[in-house]
Each structure stands twice: as C-alpha cells, then as structure tokens.
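J.: In order, the protein sequences belong to chains A and B. Take numbering that gives the first Met the number 0: the last position of the first sequence gets the number 357, and nothing is skipped along the way. Take numbering that gives the first Met the number 0: the last position of the second sequence gets the number 329, and nothing is skipped along the way.
Simulated from the structure, these hints should not be mistaken for lab results. Some hints could be false.
[Claimed, not checked] Derived PhoX-like pairs: lysine-lysine, alpha-carbon spacing no greater than 20 Å straight-line:
1. B:LYS35 to B:LYS324
2. B:LYS35 to B:LYS110
3. A:LYS128 to B:LYS35
4. B:LYS324 to A:LYS128
5. B:LYS144 to B:LYS35
Computed from a predicted structure; not experimentally measured.
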Amino acid sequence: MFYREAGDFKTSYPDDSQTFPIRFDRLGYYAVLLLGFVVLPFVLNDYWTNAVFIPFLIYAIAALGLNILVGYCGQLSLGTGGFMAVGAYACYKLTTAFPDINIVFHILGAGIITAGVGLLFGLPSLRIKGFYLAVATLAAQFFLVWLFNRVPWFYNYSASGQISMPERTVFGIAVTGAQVAPWAGYMVCLVFVVVLAWMARNLTRGATGRKWMAIRDMDIAAEIIGVNPLRAKLTAFAVSSFYVGIAGALFFSVYLGAVEVGEAFGIEKSFAVLFMIIIGGLGSIFGSFAGAAFMVVLPVLIKLVLVDSWGWPTDLAAHIRLMIVGALIIIFLIAEPHGMAQLWRVTKDKLRLWPFPH
Amino acid sequence: MVLPDQVLYAMEAALNGLLSGVMYALVALGFVLIFKASGVFNYAQGVMALFAALTLVGIQQGQVPFADVINLIPGVEVHGFGWTVPALLAIVLTGLVMIGMALIIEALILKHLVNQPPIILFMATIGLAYFLEGLGDTMWGADIKTMDVGLPQGMSGTIDTVTNAWFGYGFYVDQLNIVATVVAAVLVALLMLFSQYSKQGRALRAVADDHQAALSVGISLRFIWVLVWSIAGFVALVAGIMWGARSGVQFSLSLIALKALPVLMLGGFTSIPGAIVGGLIIGVGEQLFEFWVGPLVGGATENWFAYVLALVFLVFRPQGLFGEKIIERV
Chain A
0 MFYREAGDFK
10 TSYPDDSQTF
20 PIRFDRLGYY
30 AVLLLGFVVL
40 PFVLNDYWTN
50 AVFIPFLIYA
60 IAALGLNILV
70 GYCGQLSLGT
80 GGFMAVGAYA
90 CYKLTTAFPD
100 INIVFHILGA
110 GIITAGVGLL
120 FGLPSLRIKG
130 FYLAVATLAA
140 QFFLVWLFNR
150 VPWFYNYSAS
160 GQISMPERTV
170 FGIAVTGAQV
180 APWAGYMVCL
190 VFVVVLAWMA
200 RNLTRGATGR
210 KWMAIRDMDI
220 AAEIIGVNPL
230 RAKLTAFAVS
240 SFYVGIAGAL
250 FFSVYLGAVE
260 VGEAFGIEKS
270 FAVLFMIIIG
280 GLGSIFGSFA
290 GAAFMVVLPV
300 LIKLVLVDSW
310 GWPTDLAAHI
320 RLMIVGALII
330 IFLIAEPHGM
340 AQLWRVTKDK
350 LRLWPFPH
Chain B
0 MVLPDQVLYA
10 MEAALNGLLS
20 GVMYALVALG
30 FVLIFKASGV
40 FNYAQGVMAL
50 FAALTLVGIQ
60 QGQVPFADVI
70 NLIPGVEVHG
80 FGWTVPALLA
90 IVLTGLVMIG
100 MALIIEALIL
110 KHLVNQPPII
120 LFMATIGLAY
130 FLEGLGDTMW
140 GADIKTMDVG
150 LPQGMSGTID
160 TVTNAWFGYG
170 FYVDQLNIVA
180 TVVAAVLVAL
190 LMLFSQYSKQ
200 GRALRAVADD
210 HQAALSVGIS
220 LRFIWVLVWS
230 IAGFVALVAG
240 IMWGARSGVQ
250 FSLSLIALKA
260 LPVLMLGGFT
270 SIPGAIVGGL
280 IIGVGEQLFE
290 FWVGPLVGGA
300 TENWFAYVLA
310 LVFLVFRPQG
320 LFGEKIIERV
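The shape of chain B in the complex, shown without the other chains (with noise of 0.2 Å):
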C-alpha cells in the first residue's frame, strides 16, 4: 500500500499521541478514584507520582533519607547505605510507603476537613502538593536521578518492520509507550475487578455514589478514604514509574498533573472510562495540533492546546463526556 507521505507522517503523530494518551489517562484515573470516593479534588496527584519515582529511585540505590540535613550535624557524613535494592523489592517497599502516607493524610488532614466546601479541600490539597515537594527533595535531594526499573527503551523494532513492509516506512514508536499502554490495561482491568467484585470495591462504589447512605449501612468512611487514597498513591506509583523511565525524575515530574486536568474535564470527574478516552483524544488532537498548525505558528501548542479544546468542549457539554448529568435545583 503507498500512502502520501503527509498522511503517514500523521498516522504516526497519531500513533504516538495514543501512546501518550494513555500517559495522561494514567495520571488522570488517579484523580479520578479520589474525586469520586472523597469528592476530593486532588491537585497533589501529580507530586505524589514524583514524590513515589523519588523514594523509588532511593530505595533502589540505597540513599539514606534526609542525607542532607543529617550532614548538617557538626562531624556527620552520610551518603548511602552502600547496597542496592532488587527493583521488584524496591516497588513494594514503595508501595508500602505510599500506604502509610496515605494514612498520614487521613490522620491529619481529610479527618479534620470532613463537611468544608470543596474549594478547602482543594486548597489543602495544594498545600499538600507544596509540602511533598519539599519533602522529597529534603529526603532525597534535588538532583535529576535516571530511573531504572528494567523498562524497554528506545524505538521499537518489530512496530518499525510492520508498518516498514505495509507502508514502505517505518514508523518511530517508543517501546516505553507500548509498555506503558499494556499496563495501563493491566491496571484498569483490575481496578474494575475490585471495585466490581470484591467487599472493599462495592463499598467505595457505595461511598462514591452517596456518602450519608454509606455510613448508614456501616461502612466506615474513614477506612474508604484510607484505602482510596493508598489505591491513588498506588496509581501515582505507576505514572511515576512509567514518567520518570521516560524523561528522568526530576521536579518536572509533578507538571503531568496540569496535563491530566484537561483530560479530566474531558472525559468528566467522575468516570474512569471517561478519563482513559479523554486520555486518548487529548494525546492525539496534541499530536495532530502541533504536527499540522505547530509550524505556522511558532510550536510548543502542547503547552495549552489540551486546555483550550477541553474548554470549547465544555462549552457544548458542561459536565463533560462520560460526567454525571449535572442537575441544578433552588
């Protein structure tokens, strides 16, 4: 088959914008979890993905946390513990650690912000996104750090050859992406599994759908928010993962969550499916943006491309693509 070379220098943008897609639409399903189960609006997200690549990085290479202020210390010297970690081991430990931040959050934040208008808990959780920046770079340092998890990398040879034989010219897609994509699926389908099939799920689909009529049948909120938060923070894991094999860990990190907000009024607050194809138009209409009207007029649209077709989207429809139907009553 001969394609003009136009349409298939598209065909790729497009290809490689669902791949980044997906990117977004990770970042976006950990809003999305939060949001419904909390009604929390949680800007932290983004910060947490970098703040869970940092401690990950950390385990793995053995850095003694708060090295920084521990050398402070008239006489200390530290610098590492000298060993490194298995990057399996080094996953689950960080996964406990977003747990047990999880718990702290609970402990002394959401449980003293329970009946606030919205816009507090928002604003709490920049306040949050401030002080985990702080953190991890008081633990870790501030310094770009390479992740290395034993993720593919590079152009991926066997995408190269198909559409090499189909077309008569290889398409450049990034392993990491098609990597990334698989385990976005992964992830998806088993957060549908729990929420569908297992005690916990039901009761966060409970909470997410009424929180007064939840507690009347003896579901513990506060064990709901603990575990939705653990969920995110898990989600956040692997978004700053996926991220940081990609473009270093680094405080950069924690911008994706101003990419995932469009893709959330996109696809509606509330729906998870709704974040994965918001993900998905998003990464391509990027693409395809910047590769057709990006040379007329001085690149870099990506920077505000997402929000502006967003905001003309909500023009049309307020609550979004897969958003509850908003009803409005005196």
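Isolated chain A, as found in the complex (with noise of 0.2 Å):
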C-alpha cells in the first residue's frame, strides 16, 4: 500500500543512485535519526544507556568494521578485541600525553594508529587464506593483549596494570570520567556511529567497496580483471581497523572508564563482534546494527527472565545464557545462513507487493 516505489519519479541521477529509493524507507530513516538525536537523549535514564544503548552502538561501531572486513572483503579475522584494545590504549596515551586536546580527536587519532597496526597484521593476507588466515589473525589477539599486559609504558606505569579514563569534556561537558550524564556519552557514539555508517555505506558502494567485494567472491579472478589484490586486501584490513579501533577507544572512554586488557578484549571480544555480523548478516550495514543490537539485548533480557523474574541463582543462569546463546547461534545458521539482513529484505520484497502478491 505505502511501500513501493510507483509514483516516486527519480530525475536526476544522484536520486536514482541515492541510499534509499523507496519513500517509506527514506522516511523510516529520518524518522530514526530523529528518535535517536532527540527524543531518546531526554528520556533515557542510566539503567537503559549503560545496559544496552552505549554498547549497542559501540558494538555496532565494531560490527561494521569487521564487516568489511569478513563480510565485504571475505578476509576471515579473528583479532577484533586486539584491535580493539589498541584503540583503547592508543587513545589513552594519547589522552594523557596530550590532555589540552579535545577528546574526539583522541578517539580519531586512536583509530587511525589501529589502523595502522591492522594493516601491519594484514600483510600475511596476501599469502595466507581462509581458516589459515583466521588462525594467523589470531596471532594479533593474542600478541597485542600480551603486549599491554607486559609492557608497563602503554599503561604509564600505573601499580594496578589497568588503564582509567581522565574526566575529558566536549564543548563544555564532560563526556568521560566518573561525572557523566548519561545522555553526553550517548550522543558522542551516536555521532560517531551515524557518521561512521554513512562513510561504510558511502565506501561500499563505491569503487573501492566493488574491489573487495570482487576479491570476496574471487580472488583470482578479480587479479585477473585487474583488481590489485595487495590494495585491495590492504585497504579493507586498514579501514576495518580504523572503524575496530574507534569501538575500542570509545568502549574504554565512554562506556568502561577502566579497563583490564585481558578481561575487556580478550578472545570472547572478538567471538561476539563475529557473531554478530554472522547473525546480523554477512556484507550488510544493516546486519551489523541488527547482529549488535541482538547480542547486546539478549543477555540483558535473559538475566530480566531468568534471574530477576523467576529468581534463579545468577550462577545457574549464566550457565543456561550460554546455552540459550550457543543454541540461538546454531537455530539461527540453520533457519537463515544470510542472516537477519536477509529476513529483513524478504520481508521489504512481500512489504512491496502488499496486500496483492499476485
């Protein structure tokens, strides 16, 4: 009936090519960007930000940029929580080196030196390929958390071994530290996720994001039309790692303030980011956010069920989460490989075709 696009006349060519060409969509867009930068700042109280809206958005963050990565690149990696903590310590030092500049420029600053690091780790990319290559990526998770663990200089030498958050502020309010509203920290990973999403799906549509997807589908045979492999392969790790390396930065500023390396980015960090793209739907902006908002939710709700509602022991309920967990990953692969980006497209095809699929 609303979602179609008969009558909705493109003339001119950046129409024809923009982001969303059906109406209904372009409107449910404006619509959620409107909730998200003015309505929900004044009604979210602390609970709801710390529990579910920061990491959402932060986990989304990471989810994009390994989903360039895996899902657009088909560079399988399983370093994102090293990189993660790069971001984190990269935007510390550079915090407290240089604490007169404004923090947004830290948390920039802080993904491109991940970058930077991410493409050193992506160099093997060239010769190693599939599960070897998620091996070796391994290697970067493992050797990185190390690194911060050991040598004392990334953390300033502090007794405890763990990095905290100095209150830093953004146009006069404190956004990090121990004195935040909720909805500051909120509105600096909303910016950052709303600009960070438009630049992926501004790249992944354009030349470069044609590359990698070549490279994805064929590695041998783009080479051969004339994709150079060593870029390609090279970008996708650095832009990953840019987009990694900010949800790091921004997950020990904003959401965590402290944090412990081998406890914050250990291996099970760059499990969930996996799962999430694998579940939200490989090679989608889209999936990225519904694979965050997923994990993110689920554990929230089950701890509501389980323990707050029946009153189970918490012990016992973070037994049966892991399980729920693991048997929800499985049920879903099996029902839908593609994801929930591919429930959402076939639900946009019978969408369009409603109330007459005949």
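Grab the two chains, each in its own frame, and use the hints to assemble them into the complex.
T.: Structure follows, in structure tokens:
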C-alpha cells in the first residue's frame, strides 16, 4: 500500500542512486535519526543507557568494521579484540600525553593508529587464505593483549596495570570520567555511529567496495580483471581496523572508564563481534546494526527473565544463558544462514507486493 | 659427560617441550580427523574435551546430573547418588556419552547445514562450543574438580637417576607427560590401523578424498560423520583425561583448543602426522623461547609465541608442513 516505488519518480542521477530509493524507507531512516538524536537523549535513564544503548552503539561500530573485512572483502579475522585494545590504549596514551586537545581527536587518532597496526597484521593475508588466515589473526589477538599487559609504558606504569580514563569534555560537557550524564556519553557514541555508518555505506557501494567484493568472490579472478589484491586487501584491513579501533577507544573511554586488557579485550570479544555480523548478515550495513542489537539485548533479556522474574541463582542463569546463546546461534545459522539482513530483505520484498501478492 | 649448566637447562626445557607438544598434538588430532572427513573446522573440540572430562568425573563420583536445576524445585534437595564408579567403567560410560553426543550433533546440526559455506559451519561449531560449555556447567556444576583415574603424577624417578648419571644433573620430567606420550603413540597407531585396514576406515578415507565420489560408490556420508565425530569425541575424552589430570577439570581446559590451532596451522589442517610434528615443534619452540627470550621481555610468552611462529612459518608455506598443496583455479 505505502511501501513501493510506484509514483516516486526520479529526475536526476543522484536521486536515482540514493541509498534509500523508496520513500517509505527514507522517511523511516529520518524517523530513526530523529528518535536517536532528539527523543532518546531526554528519556534515557542511567540503566538503559549503560546496559543497552551505549554498548549497542559501540558494538555496532565494531561490527561495521569487521563486516567490511569479513563480509565485504572475505578475509576472516579473529583479531577484533586485539585491535579494539589497540584503539583503547592509543586513546589512553594520546589523552594522557596531550590533555588539552579535544577527546574527539584522540578517538580519531586512536582509529588511525589502529588502522596502521591492522595494516601490519593484514600483510600475511596476501599469502595466507581462509581458515589459515583466521588462525593467523589470532596471533594478533594474543600478541597485542600480551603486549599491553607486559609493557608498562602502555599503561603509564600504573600500579594496578589498568588504564583508567580521566575526565574529558566536549563543548564544556563531561563525556568521560565519573561525572557523566547518561545522555552525554550516548550522544558522543551516536555521532560516531552515524558518521561512520554513512562512510561505510558510501565506501562499500563505490569503487573501493566493488573491488573488495570482487576479491571476496574470487581473488584470482579479481586479479585477472585488474583489481590489485595488495591494495584491495590492505585497504580493507586498514579501514576495518580504523572502525574497530574507534570502537575500542569508545568502549574504554565512554563505556567502561577503566580497563584491564585481558578481561575487556580477550578472545571472547573477537568471537562476540564475529557472531554479530554472522547473525546480522555478512556484507550488510543494516546487518551490522541488527546483529549488534541482538547480541547486546539478548543477555540483558535472559537475565531479566531468569534472575529478576523467576528468581534463579545468578551462576545457574549464567550457564543457562551460555546454552541459550549457543543454541540460538545454531538455530539461526540453520534457519537463515544469511542473517537478519536477509530476513529484512525478504520482509521488504513481501511488503512491496502487499496486500496484492499476485 | 660434563656440559655447561645453560645447555643442560635448555635440554631439560626442550625435553619437557617435546612432551607437552604431545599433549597439544592430542587435541590437534581431533581437529584434523573432523576436518578431513567433513571439511568442518570444529572449534568445539576443546570444549568437547572439557565436557568429556566433566562427565567422567561426574560419573565417577556419582553426581546427579542437573542437580542445580533439580534443586530449584521446592522441597527437593539432591547432591549425589552416594556411590562411586570404578575409573575404567566410568571411562567406558563417558565414551558412550560422547558417541550419543556425536549422534545428536549429526542429527540436529550437521544434517541441516550440508552444502553451506565453511564459515557458516565454523560458526555453528562455535555455537556448539558455547552450548556444550553451558551444558557441562549446568549438568555437573562449575566448581573445579580433580581428575583421579589412577594416572601416575609427579617427578619421574627413572629419568632423574639416568640423567644424573649421564650429566651430573637430574632432569625434572613429570610422569604424567610420559604417560601421555605413550597414550598418544598408542592412539595414533590405533587410528592408523583403523583407517588403513578396516572397512569403515577405508570409507572414511574415501570421504576425506572426495565427498561426491564416495557417495556415488554407496558410502553413507551421515554414518561416516557420526563415526568421525564419535572418534573425535573419544580423542577429546583422552585429551580431557590427560589435561584434566595435569591441571584440574575447569573452564580453562576448553582453552587448550586455542593451543591446538597453531599446531594445526603448522602441520596442515589435513594431516595426522602433521598434527604430531607440529605439536612437537610448537612444544619445543615455546619452551626454548620462554627459556632464552622470556626473561628479557617479561615472561608469559607462551601465550602468543606459538601463533607468531605459525604465522611466520605460513608466510613461507601457506598450506602448512604436510598439508595438501593448495591449487587455485578461476
């Protein structure tokens, strides 16, 4: 009825190639933005911001980054946790070394540093492929975590071996540290998410993204038709690490505030982000958001039901939670291997014909 | 014979490295078996070892499965059956549980994921790993348990005496590691005999070679999958017993899977001898690196050394030591 392109005439090329060609989609997108920027900051309380919204936004950035690497360029990586740690520590070192510069630049700087590190660990991808590469990226994961644990320079020789974020402000409003209003941290993450998602969308539909996808579909064939595999793979690693690094910096500075590297950025983090993009949908921007939302909300929901309303002991609930998460992942893979993005696509196709499918 | 102290210490470290390399190889073996037969990169192998060890201890001590859940029912309070089961019987029972698990995995997961890309299968095994981890803890409780199936522990007296007579310095070698080496040797020999001389073994090799060709000569893929997951479950049980006896049955046991991955990379995903040789190289390399370089950089290098070694190695030989040559066509 409402959801179709009929009657929505395009009179220029930019109109024709826009991200949301259907008016209903476009309006929905603006409505979500409006909700995120104008409504939510005023209604969010402390619990919902810290338990759901901030982690969701940060994981969405990490998932976007990993999706660029795995979903668009086809290079399987299990080093996400390690790269997030690079982002966090780079942000910490930058902000303690140059306290007068705005934190936003430190977070961007952390992303750039992580991109450099990602580039370095991406080099073997030119020789190693598939699962061998996945295991090779584990080298990055373990080495980086060990490095930040053992070299005191990275944590400024603090006695506990932890890094903790000093208070920093944006436009005079505290966004990190102990005295943060829930909406302030949320807004910082939201701005980063919107800008980065916009960037990812436009990168992946342009020449760069097409090269990545050619490499993903078959790298030898892509090489023959003139895609430079060195450049395509390394840009994918760099861009992906940039996103992951920013996610790590935000995770540390805005969300946690104090970090012990093995605990916050261990191998589980790598797997968690990988789950997000698989459940959400490989090679899809929407999928990154859907997967992040799913994996953030699910544990909160399970805890709400099992512990808070049924009164089960916390440790038993934690074990059951593991079982449920594992089972759900398997069920999802069996029912829809292309993830939630595919479900969404199918729904949209049905909607276009509704209510007259024949 | 008199050698400098440093050389002796290094030799001791290398010997211990060799023996713990065998332990890594035990886990890697399970990976290789499944990867060869079904092309599935089974991340859950480590958790399977943990689950097997938990089940073994649980059966042996006569624990009631799901006691924590049953106790949730008001007025019910169970802790144990009040008997203990002999070690050997418990091992057999656990073996049966692992076979049952293979059947369930095939029927509920693998059957539905035929023809999916490898990454999906890999993710499914990660899901399986989470599920088994939760299941093991829910069934038997999350407390640290000690494994006691009568394996010798502590310093080996013979090796101490012999090396003392040769070099004037007794090497410290754990008896358990020697037992593990013997067990691993027997296990590999059995697997070799099975795959070379039995009908099922031949079918297994045929499937590993070419799925479709195997199907066309009448080999049941589903049976082979159940078989190979059962064998992998059995290997996991052996690995679980060895590692459990060495460091207690607890969550960290499942992390041995992460130790086995670089072994696999080094040896190649498809080669059983590769798993053994890779395990030995990593075991020795790790110990020697920690011995010489560890003190200079703050120690605990064994967390990442194996991976970096495998990574450097792979850059020169992308299919691993014994892996099949990767031929790519457009």
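J.: Please list, smallest to largest, the hint numbers that this structure does not respect.
T.: 5
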